[in-house]
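Enquirer: Letter by letter, the chains look like this.
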Amino acid sequence: MARDMEKYLRNRPTQFCAGCGHGILLGAILRAIDELGIDIDGMLFVSGIGCGGWIPSPNFNGDTLHTPHGRAIAFATGAKMFNPKLKVMVISGDGDLMDIGGNHLLHAVWRDIDLTVVCANNMLYGQTGGQVCMTTPKDAFTQTTTQGNPYYPFNICEVLAVAGASYVARYAVTQPFQLIRSIKKALQTTGFSFIEAVSTCPTQFGRRNQLDTPSDMLKFLRGKCITRKKAASLSKEELKGKIVTGEFTDGGD
Amino acid sequence: MVLKKSMLPTGTYYFSGNEAITEGAIAAGCNYYGGYPITPSTEIMERVSVRFIDTGGVFVQMEDELGAIGSVIGASWAGAKAMTATSGPGFSLMQESIGYAVMTETPLVIVNVQRTGPSTGQATRVGSGDIMQAKWGSHGDYQIIALCPWSVQEAYDQTIQAFNLAEKYRVPVFLLAEEAIGHLRERMETRENIEIFNRKKNLGAAPFGTEESDGVPPMPIFGEGEKLLITGSTHDEYGFRQVSSPMVQEKLTSRLNNKILNSREKIVEYEVYHIEEADLLIVSYGFTARSALFALEQLRQEGKKIGMLRLKTLWPFADKIVKDIGAKIKKIFVPEMNRGQIAGEVMKYVCGDVVSYGQTNGEVIHPETIVEQIRRLG
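Taken in sequence, the protein lines are chains U and L. Counting from 1, position 72 in the first sequence corresponds to residue 71 in numbering that gives the first Met the number 0; the numbering is continuous, with no gaps. Counting from 1, position 112 in the second sequence corresponds to residue 111 in numbering that gives the first Met the number 0; the numbering is continuous, with no gaps.
Since the hints were derived computationally from the structure, they do not count as laboratory data. Among the hints, a few may not be true.
[What the hints assert, rightly or not] Here are the simulated DSS-like pairs of lysine-lysine, each with C-alpha atoms no more than 25 angstroms apart in a straight line: (1) K322(L) to K183(U); (2) K84(U) to K134(L); (3) K304(L) to K6(U); (4) K304(L) to K134(L); (5) K84(U) to K183(U); (6) K304(L) to K322(L); (7) K322(L) to K84(U).
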């Protein structure tokens with residue numbers, strides 16, 4: 000992390016494992032805030048339980064609310080509804096926001112509440128030891144899918160875009176510049192904005208899926224990513240197992 | 000007096016308990032309500048949704064009770080006097096975040112208009128089966144405050160009191176009403192010059208620790224530049240997680256418990272009837288106390304020496320008065336619409352004979368039933 004971002008951080012040791020992609024995402028969020036010149040004192044960062052929830056709490060030097068598992072968006076809804084002047088960002092994991100907290104996510108889209116939600120998707124439950132999640136790739140090995148995950152990952156971005164979210168995008172931590180640009184757009188969006196930031200988990204995912212080093216894990220992720228533009232020319236069958244990145248609203252690519 | 004559009008003119012009203020609770024909340028300054036409809040509490044939410052248009056309060060119908068309690072906690076930290084109302088199944092769903100509110104010392108009010116259970120039970124029928132759930136429903140050891148009204152008037156008064164206690168002690172406060180009170184209509188009065196307590200504020204001070212004897216730290220809100228760290232994990236006085244220090248765990252949880260227990264003489268309210276020279280004491284609360292008082296008057300006319308203790312506060316428990324009276328009166332009768340939840344608590348503090356009468360058939364306990372049960376005691 001460049002030293003000029005330290006002003007947004009509390010001076011605490013990192014909670015992330017070596018090679019974790021969440022540090023890249025943490026940096027991208029702070030750079031987006033910095034480039035937009037938003038006063039972090041007027042910001043509220045709400046997170047849930049899991050590795051993704053550690054990104055803002057206790058690291059970010061604004062107001063942070065670390066909620067029970069799955070409830071980040073509900074807590075954020077109360078704070079934002081009562082004080083609309085607060086700039087509220089929800090930063091949490093895929094398990095927290097999609098699996099256990101999915102109903103709050105859908106209702107936030109329904110209300111088109113002015114929240115920016117960043118979903119740090121590490122493709123499984125990282126903090127609890129690497130169990131399968133809605134986002135786990137098909138056939139991937141996890142602590143609870145020892146014969147391979149039987150399901151395809153859930154495409155939350157398509158769902159939220161169709162449901163009417165004001166801004167939806169997906170980028171991987173292997174695309175940091177797109178990620179920063181996208182977070183800036185989300186923060187500038189009035190209404191509900193959602194970014195799925197696909198991240199890496201060498202500790203829980205990599206070691207069970209023959210990705211022995213953090214760089215192997217990053218290469219694996221990069222290899223799966225495909226832009227929306229390219230994806231448009233592929234068949235449904237060819238797209239299976241791919242991570243489609245880009246903006247899912249505003250006719251983005 | 001300039002009458003704000005939001006306030007009911009001072010006077011006499013013919014309200015249901017649920018209407019009285021809503022007006023009590025508004026009188027106490029409630030300005031956030033996040034809820035999910037559930038029988039028999041729904042009228043509270045419906046009335047809030049209309050009345051807040053006038054008062055400028057923020058009303059959100061959430062997607063479930065998990066969301067309702069969550070939004071109430073979020074709003075409370077944004078500076079609101081926040082509440083929700085529910086009944087059994089919804090109260091069960093809220094339990095995890097109730098523990099979070101205890102741990103983060105978030106002031107809020109939860110009304111539970113109790114119906115019979117377990118599970119879906121009989122949604123429109125009365126019960127008081129959630130007394131122990133209110134005390135112990137979330138995991139871990141903790142203290143909360145729970146009030147229990149016996150009339151529409153008291154539903155109004157105790158709702159105001161619930162907000163004041165929540166703000167004063169930074170703790171979730173429950174109004175454990177029963178369906179029979181929620182839907183009962185009777186005369187009640189609104190008062191002028193209601194005493195309102197607002198949370199202490201001291202910017203820069205530790206929000207999760209204090210050396211003050213009351214054990215209640217001041218509470219900042221979001222957006223004040225306080226860089227708040229709020230977490231349900233064990234934390235030090237500035238909110239930093241300390242998840243392996245026995246010392247911090249002990250210090251925090253002791254204070255959370257003691258700030259309520261050490262003030263219980265100030266918090267606990269009750270009424271006594273004819274306890275001098277009584278040789279039988281009825282301990283009662285909520286709607287059942289109405290029947291008990293009726294039965295008591297009848298039996299006293301027949302010459303029986305009976306007294307009554309009516310608990311207005313259920314948690315923290317009125318241990319001192321129960322101990323004091325229990326030392327003099329050797330037989331205690333506890334009728335309630337559950338299978339002895341408060342009777343068991345009374346047994347903790349007296350050595351005499353405690354007779355529990357539990358009725359869980361979805362009906363209120365009639366005065367004749369209490370008369371008959373007491374006659375059986377001889």
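Enquirer: Against this structure, judge whether each hint is valid.
Expert: Taking the hints in turn, this is what the structure says about them:
Between K322(L) and K183(U) the alpha-carbon distance is near 64 angstroms, which puts this suggested pair outside the 25 angstroms criterion. Annotation: proposed proximity of K84(U) to K134(L) is violated, straight-line Cα distance about 36 angstroms (limit 25 angstroms). Of the supplied pair hints, the one linking K304(L) and K6(U) is violated, its CA atoms being roughly 74 angstroms apart against a limit of 25 angstroms. Taken as a hint, the K304(L) and K134(L) pair is broken in the structure, with Cα atoms around 33 angstroms apart against an allowance of 25 angstroms.
With a CA separation close to 18 angstroms, the supplied pair K84(U) and K183(U) stays within the 25 angstroms bound. Only pairs whose Cα atoms come within 25 angstroms are accepted, and K304(L) paired with K322(L) is accepted, the gap being roughly 19 angstroms. For the hint linking K322(L) to K84(U), the alpha-carbon distance of about 52 angstroms lies beyond 25 angstroms, and the restraint is violated.
Comparing the model with each numbered hint stated earlier shows that hints 1, 2, 3, 4 and 7 do not hold.
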